[in-house]
Amino acid sequence: MVSDLVLLPQFLTNGLVIGSGYVLVAVGLTLIFGILHIVNFAHGEFYMLGGFAAVLGSQLLGLPALPTLLVVAVVMAAFGLVVERVVFRPLGGKDPTNAIIASFGLSVLLQNLMLKTVGAEPMAVKSGFAPGAIQIGNVFITAERIAIVAAMAVIVAALLLVLRYTWTGRALRSLSENPTVALISGVNVRRVSLITFVIGSVLAGLSGALMSTVFMVQPNSGALIVMKAFIIVVVAGMGSIEGAIIVGLALGLIESLVAGYMGNELRDIVGFLIVILVLAVRPQGLFGLKTERS
Amino acid sequence: MRTPLILLLTTAIACALPAVLESGYFINVAIIALIYVILASSLDIMMGWTGKFSFAHAAFFGIGAYTAAMMQRSFGTDLWAHLPAGMAAAALFGVLLGLPSLRLQGHFLAIMSIAFQTVVYLVLAQWTDLTGGHYGLPVEVSPELGNVSTFYFVTLGCTLVACLFVWFLTQSRFGDTLTAIRDDETLARTIGMDTNVIKIVAFAISSALAGGAGVLMAHHIRGVTPNDYTVMTSATIVAMVVLGGRGKFWGPIVGALILTILPEVLSDLAEYKHIMYGALLIFMIMVMPQGVVGALTGRKAK
Numbered sequence: 001m002v003s004d005l006v007l008l009p010q011f012l013t014n015g016l017v018i019g020s021g022y023v024l025v026a027v028g029l030t031l032i033f034g035i036l037h038i039v040n041f042a043h044g045e046f047y048m049l050g051g052f053a054a055v056l057g058s059q060l061l062g063l064p065a066l067p068t069l070l071v072v073a074v075v076m077a078a079f080g081l082v083v084e085r086v087v088f089r090p091l092g093g094k095d096p097t098n099a100i101i102a103s104f105g106l107s108v109l110l111q112n113l114m115l116k117t118v119g120a121e122p123m124a125v126k127s128g129f130a131p132g133a134i135q136i137g138n139v140f141i142t143a144e145r146i147a148i149v150a151a152m153a154v155i156v157a158a159l160l161l162v163l164r165y166t167w168t169g170r171a172l173r174s175l176s177e178n179p180t181v182a183l184i185s186g187v188n189v190r191r192v193s194l195i196t197f198v199i200g201s202v203l204a205g206l207s208g209a210l211m212s213t214v215f216m217v218q219p220n221s222g223a224l225i226v227m228k229a230f231i232i233v234v235v236a237g238m239g240s241i242e243g244a245i246i247v248g249l250a251l252g253l254i255e256s257l258v259a260g261y262m263g264n265e266l267r268d269i270v271g272f273l274i275v276i277l278v279l280a281v282r283p284q285g286l287f288g289l290k291t292e293r294s
Numbered sequence: 295m296r297t298p299l300i301l302l303l304t305t306a307i308a309c310a311l312p313a314v315l316e317s318g319y320f321i322n323v324a325i326i327a328l329i330y331v332i333l334a335s336s337l338d339i340m341m342g343w344t345g346k347f348s349f350a351h352a353a354f355f356g357i358g359a360y361t362a363a364m365m366q367r368s369f370g371t372d373l374w375a376h377l378p379a380g381m382a383a384a385a386l387f388g389v390l391l392g393l394p395s396l397r398l399q400g401h402f403l404a405i406m407s408i409a410f411q412t413v414v415y416l417v418l419a420q421w422t423d424l425t426g427g428h429y430g431l432p433v434e435v436s437p438e439l440g441n442v443s444t445f446y447f448v449t450l451g452c453t454l455v456a457c458l459f460v461w462f463l464t465q466s467r468f469g470d471t472l473t474a475i476r477d478d479e480t481l482a483r484t485i486g487m488d489t490n491v492i493k494i495v496a497f498a499i500s501s502a503l504a505g506g507a508g509v510l511m512a513h514h515i516r517g518v519t520p521n522d523y524t525v526m527t528s529a530t531i532v533a534m535v536v537l538g539g540r541g542k543f544w545g546p547i548v549g550a551l552i553l554t555i556l557p558e559v560l561s562d563l564a565e566y567k568h569i570m571y572g573a574l575l576i577f578m579i580m581v582m583p584q585g586v587v588g589a590l591t592g593r594k595a596k
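Order-wise, the sequence lines are chains A and B. Sequential numbering of the first sequence, starting at 1, is according to this note's numbering. Sequential numbering of the second sequence, starting at 295, is according to this note's numbering.
One thing to keep in mind: the hints can contain errors.
[Unchecked claim] Chain A is faced by these chain B residues, among others (derived, beta-carbon under 8 Å): (1) F347; (2) P378; (3) M580; (4) V581.
[As the list claims (entries may be wrong)] Quick list of the computed label-pair ranges, beta carbon to beta carbon: (5) A:R190 - B:R367: 35 to 45 Å; (6) B:R367 - A:G263: 17 to 27 Å; (7) A:G92 - B:T484: 22 to 32 Å; (8) A:M262 - B:V455: 22 to 32 Å; (9) B:G427 - A:L7: 37 to 47 Å; (10) B:T297 - A:W167: 34 to 44 Å; (11) A:W167 - B:L393: 17 to 27 Å.
Derived from the structure by calculation, the hints contain no laboratory data. We treat Cβ as the ideally placed atom computed from N, Cα and C, and that holds for glycine.
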């Protein structure tokens with residue numbers, strides 16, 4: 001048991017890195033699903049596309065880390081813009097199951113399009129950082145992993161500041177509380193919805209780019225991530241960004257501990273068991289205030 | 295009563311297929327098409343008639359298939375034992391998924407079902423001692439069913455029974471309660487329907503039929519692997535229902551036939567079939583959300 005505890009700091013560190021990736025995807029999904037109420041099953045494919053955009057920037061264009069992230073952000077913003085305008089806006093307001101089915105079709109389409117164009121081989125994103133692990137106490141960590149946590153902290157802090165202090169941020173928060181009242185109060189709901197969707201897809205893409213420096217990227221990379229992002233948003237409570245941050249980090253830590261102490265094959269299942277439990281007991285989520293179920 | 299007669303007539307014509315199609319390959323395609331007819335029709339009980347969304351249908355399909363494979367491994371049983379067992383196992387899991395889903399609507403139900411689908415896939419792929427992991431398990435077909443034409447007739451019979459069952463179910467009083475839940479669940483409960491029991495029963499029936507389809511599939515391809523029962527398979531079944539038309543008896547049947555036969559006829563396109571499914575789902579939802587059959591029969595319902 002003592003030897004097991006020696007590894008605990010390492011497991012926690014790994015969990016923190018994975019959790020940071022989850023936070024970015026889940027905060028993006030909170031904006032899209034929790035606030036705009038669009039069930040976007042293709043969100044994981046946004047993550048995957050972000051990974052491939054980073055491959056494009058770092059490998060094909062040979063850019064260093066920060067300009068690569070900029071390329072990812074621009075590509076994903078453009079992509080999010082097109083998807084919102086072409087797919088989700090025309091479907092808005094009608095039967096919500098239509099948007100679910102369409103986003104599912106988009107997910108299948110993007111996954112298989114990438115499979116045909118780049119193949120199933122996993123690709124790595126080159127960060128340009130010095131290889132090899134850094135030792136801190138008895139924890140080993142690579143520069144890429146430290147960068148993931150740092151980038152998540154910076155991006156999330158920037159987002160929270162934008163939400164708190166800018167006009168768009170205020171409009172967005174008012175939209176999350178009551179779209180009708182927001183509209184009456186002069187908020188351009190269509191414009192704010194578009195911006196929200198674009199921010200959400202950029203966050204997913206950045207997460208994919210960052211995580212692909214450690215875990216590689218392949219066309220089905222997003223399939224499991226999107227489910228975990230939904231788990232996080234639902235467990236946190238619809239529209240709660242702070243909740244998504246806490247639950248995202250917690251899920252990363254729990255998965256890492258479960259994989260370390262109970263067996264790696266249980267890693268991916270534990271989140272689903274948590275969400276089924278939470279939905280059955282507290283459908284509004286841990287940090288959700290309103291009892292929203294549909 | 296016109297529909298069951300047309301169904302019987304269609305089946306009678308389908309009986310002649312093995313004589314017309316000389317190649318075993320096309321009979322194989324026909325068997326797969328029939329299995330998907332069962333899957334799409336049974337999913338439509340939930341999606342079209344009850345208005346409850348599910349992305350977990352391939353999970354029940356897989357549970358049926360794995361029940362057959364595991365029973366054979368342990369007890370050496372054959373198809374006739376596997377069919378009821380696979381259906382019962384799938385129904386049981388349907389109730390298991392249904393119970394925590396009772397309070398959920400729309401979005402959350404879709405997420406719950408896709409979470410369940412993922413859990414089932416992960417268990418099938420990773421619990422190697424029980425399921426054979428990624429390599430799956432072999433299934434042997436008893437000699438009297440070994441001939442592909444014979445197996446085609448067995449599948450055709452099962453499909454006919456399943457479709458007739460779905461027809462009489464949706465036309466029955468029970469079917470009316472399903473439609474009532476779809477159209478307004480609160481109202482249905484207000485006028486005294488026990489919506490929870492009805493939804494669970496509908497879920498169990500829909501899952502049981504998918505489980506039966508799984509047993510047929512396991513025997514047809516002589517084995518089970520987890521990759522046949524992924525969320526992509528669920529997407530395919532959803533695409534069939536949406537393409538054909540939700541809540542129409544002929545909708546899922548037509549959708550399933552189109553989506554299984556089309557890629558085979560245009561065999562150059564077979565490798566693009568998932569891209570086609572994805573694009574088709576988006577296209578249909580945006581242009582023709584009522585489906586092919588829905589568009590052809592006018593806008594009577596919904």
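Hints versus structure:
no., hint, result
1, F347, "holds (5 Å)"
2, P378, "violated (28 Å)"
3, M580, "holds (6 Å)"
4, V581, "violated (10 Å)"
5, A:R190 - B:R367: 35 to 45 Å, "violated (58 Å)"
6, B:R367 - A:G263: 17 to 27 Å, "holds (24 Å)"
7, A:G92 - B:T484: 22 to 32 Å, "holds (30 Å)"
8, A:M262 - B:V455: 22 to 32 Å, "violated (44 Å)"
9, B:G427 - A:L7: 37 to 47 Å, "violated (26 Å)"
10, B:T297 - A:W167: 34 to 44 Å, "violated (59 Å)"
11, A:W167 - B:L393: 17 to 27 Å, "violated (46 Å)"
Violated hints, listed in ascending order, are 2, 4, 5, 8, 9, 10 and 11; each of the other numbered hints is respected by the structure.
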